[in-house]
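Number of protein chains: 4
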Amino acid sequence: MDEHSGHGLGVSKARLEFLVDGIFAIAMTVLVLELKIPEVEHHRSVRELGSSLLHHAGTFGSYLLSFMVLGVLWYWHNRRYHYYRRITKSILVAELLQLSMAAFFPFCAALLGQYLFNPLARSLYVACVAVYRVAGHAEWVGARRAGVMIPELSDEEYEMHRKRGVRACILLTALVAINIFNCVANVMG
Amino acid sequence: MDEHSGHGLGVSKARLEFLVDGIFAIAMTVLVLELKIPEVEHHRSVRELGSSLLHHAGTFGSYLLSFMVLGVLWYWHNRRYHYYRRITKSILVAELLQLSMAAFFPFCAALLGQYLFNPLARSLYVACVAVYRVAGHAEWVGARRAGVMIPELSDEEYEMHRKRGVRACILLTALVAINIFNCVANVMG
Amino acid sequence: MDEHSGHGLGVSKARLEFLVDGIFAIAMTVLVLELKIPEVEHHRSVRELGSSLLHHAGTFGSYLLSFMVLGVLWYWHNRRYHYYRRITKSILVAELLQLSMAAFFPFCAALLGQYLFNPLARSLYVACVAVYRVAGHAEWVGARRAGVMIPELSDEEYEMHRKRGVRACILLTALVAINIFNCVANVMG
Amino acid sequence: MDEHSGHGLGVSKARLEFLVDGIFAIAMTVLVLELKIPEVEHHRSVRELGSSLLHHAGTFGSYLLSFMVLGVLWYWHNRRYHYYRRITKSILVAELLQLSMAAFFPFCAALLGQYLFNPLARSLYVACVAVYRVAGHAEWVGARRAGVMIPELSDEEYEMHRKRGVRACILLTALVAINIFNCVANVMG
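Chains as they are written, first to last, in this note's numbering: chain G, 1 to 189; chain Y, 1001 to 1189; chain F, 2001 to 2189; chain R, 3001 to 3189.
Just chain G, with the same shape it has in the complex:
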């Protein structure tokens, strides 16, 4: 029975969870690889090293923000994932899509860090989170329809996550739209 629920599609729930946690751990750590050690002339000068680091303040800000974003996405994955009884093909595809966005996120973060005021860099950053969140929302609603939720999931809990998902998707889509609009204005202007 347990064997069956765990291996419905031949994908164990534990291993997919494992892959997700691994990719989040790596994405969170890889963010820091984009921070470059600055070159300064006088090695012992605090002023020079400080101003070099301050010059890349955007990169550090982007690092902190991105670490927090990944932390929050991981937290929400935790809150929903344990309600699935088994992994269907739809859930697997949605999870892999989310993972591809999570793994792509360090690139978006580094791009934003270097081009903080470029609407295109902002659009890509927000779009990456938006695709992640929309895929996660579709997974949640689809899993309920496919009937793979465990009985312990109450209707209130399901609805809470569904409503939160709708709000997040609307907000993120609006942010993407605003940023794309800024891109168009930038190209036109």
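What the hints contain is simulated information worked out from the structure, not anything from laboratory work. The beta-carbon is built from N, C-alpha and C at its ideal position, and this holds for glycine as well. Some clues are possibly wrong.
Unchecked claim - Using C-beta positions, here's what the derived DEER-type ranges look like:
| hint | chain 1 | residue 1 | chain 2 | residue 2 | range |
| --- | --- | --- | --- | --- | --- |
| 1 | R | I3180 | Y | S1090 | 37 to 45 Å |
| 2 | G | G142 | Y | A1057 | 30 to 38 Å |
| 3 | G | V187 | R | M3068 | 50 to 58 Å |
| 4 | F | I2180 | Y | R1044 | 48 to 56 Å |
| 5 | R | F3060 | F | E2159 | 54 to 62 Å |
Here the structure of chain G is known, so what remains is to put chains Y, F and R in place on it, guided by the hints.
Just chains Y, F and R now, with coordinates in the frame of chain G:
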């Protein structure tokens, strides 16, 4: 008993699974490290940043394709691995060979991204997947012969995976042959 | 019951442990990525390669020190984490803050390696450890107040960890203060 | 009882195993990051790309060798680790020392790849493996003396691992000595 099946060779099935999942998680995330942040003159110009990014469109396409390839390979590993009762020396060697290809894959993906129309880059990319798949197929057939499959594996399931393996090996070998032929033509021409 | 204690906040204790171990494993390995292969003229000359490597001795020293620091931090995480019955929101926030420092640590180590005698590099290095340790101490004391410790935790054990935490926080804060003072003196002088 | 054996020092055996597997997975994947994508003038020329890649054949050879070395070290860790009943301070220190060598290994591999005929690069490579193996051997012998082996470990099995360890340590020490001798000869000559 459980101790014995888990430690036939002294390698626990769980730890090998763990190593596999870890390497896949890292390979999937490391792919993105090959994407370079472009340098543009006017930091706020969408047009400049956009054309710089488009210039590396091949790299992004290669990233997406490679993430999908790794996802599919991981999925198939999942579907077969849980049928093994224990890890034999042959399985361990085959798994390590597959892992060396999975870990090597980000290099092939980056090479393909930069030299999309170079037959050698394509050959290496396809050959990497082909070696992975042939090793996986040999592992599957060998494990059956060595009698290490769990009783829950039906003959239909075994045959399905075997036939799929044969087809995949033929297809990939053909792709490698075509690409090597293209290499020869390129050197000659 | 087990389900409840594991999923108080919807975050399983095992998965958070997993994320922590993953980030530590990566941070410890990523340290080495900051070590650059030197360029020398005569490829077979031991003298040239040796003096090039010695020239970066600071980086190697910083690597060893940082690996040890991460090892000790991981060890202390081990000693305390298994006493928590479940993960509260405060514990999650404190853990994520600690993880952001652990993931940021390779950057501080590389900065220190290159600017061993720069007070700013030293300040950042020590501050990173200090923030980690203060967050860990707050987590420990807060967890007791929130009543989420398992009954097996004796008062002596709790007090031992609490006192050690207080001493470590005072020591690290003093080190940060001294280094900041050196920074000020360096800028002034 | 299980609680006690697992948490003798406050370090769970599972988590240390986890850290080891994680670091090995990362070290094996990070090896490939040292392989650089070559720059060639004519993007579609197989001849140019081929000769560029061949020019770095040493790096590829070093990659393959190093992946195999790490695979073998991981395999031997597997064979011995499950015999420990709990983690003592000595085992933890020996494991961390081994991990620092495993994490340092990609640097040695990259150095060897670029300076294949430099005795210093060879010395560092062999010394890294030697330190790992000596620490592992000391751990094994020390664990028996401390009486932390599970009863299932037969005397034959213990002796087999001990003798293998002695032989490996002698062989590796001899290799290090030969390479250091070559270094001295190179500096003198």
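Comparing the hints with the structure gives:
Remark: the range hint 37 to 45 Å for I3180/R to S1090/Y is upheld by a beta-carbon distance near 39 Å. Remark: the range hint 30 to 38 Å for G142/G to A1057/Y is upheld by a beta-carbon distance near 31 Å. At roughly 52 Å, the beta-carbon separation of V187/G and M3068/R lies within the given 50 to 58 Å, and the hint holds. Range check, I2180/F to R1044/Y: Cβ separation about 35 Å, and the 48 to 56 Å hint is violated.
Separation of F3060/R from E2159/F is about 57 Å and conforms to the stated range, judged on CB atoms against 54 to 62 Å.
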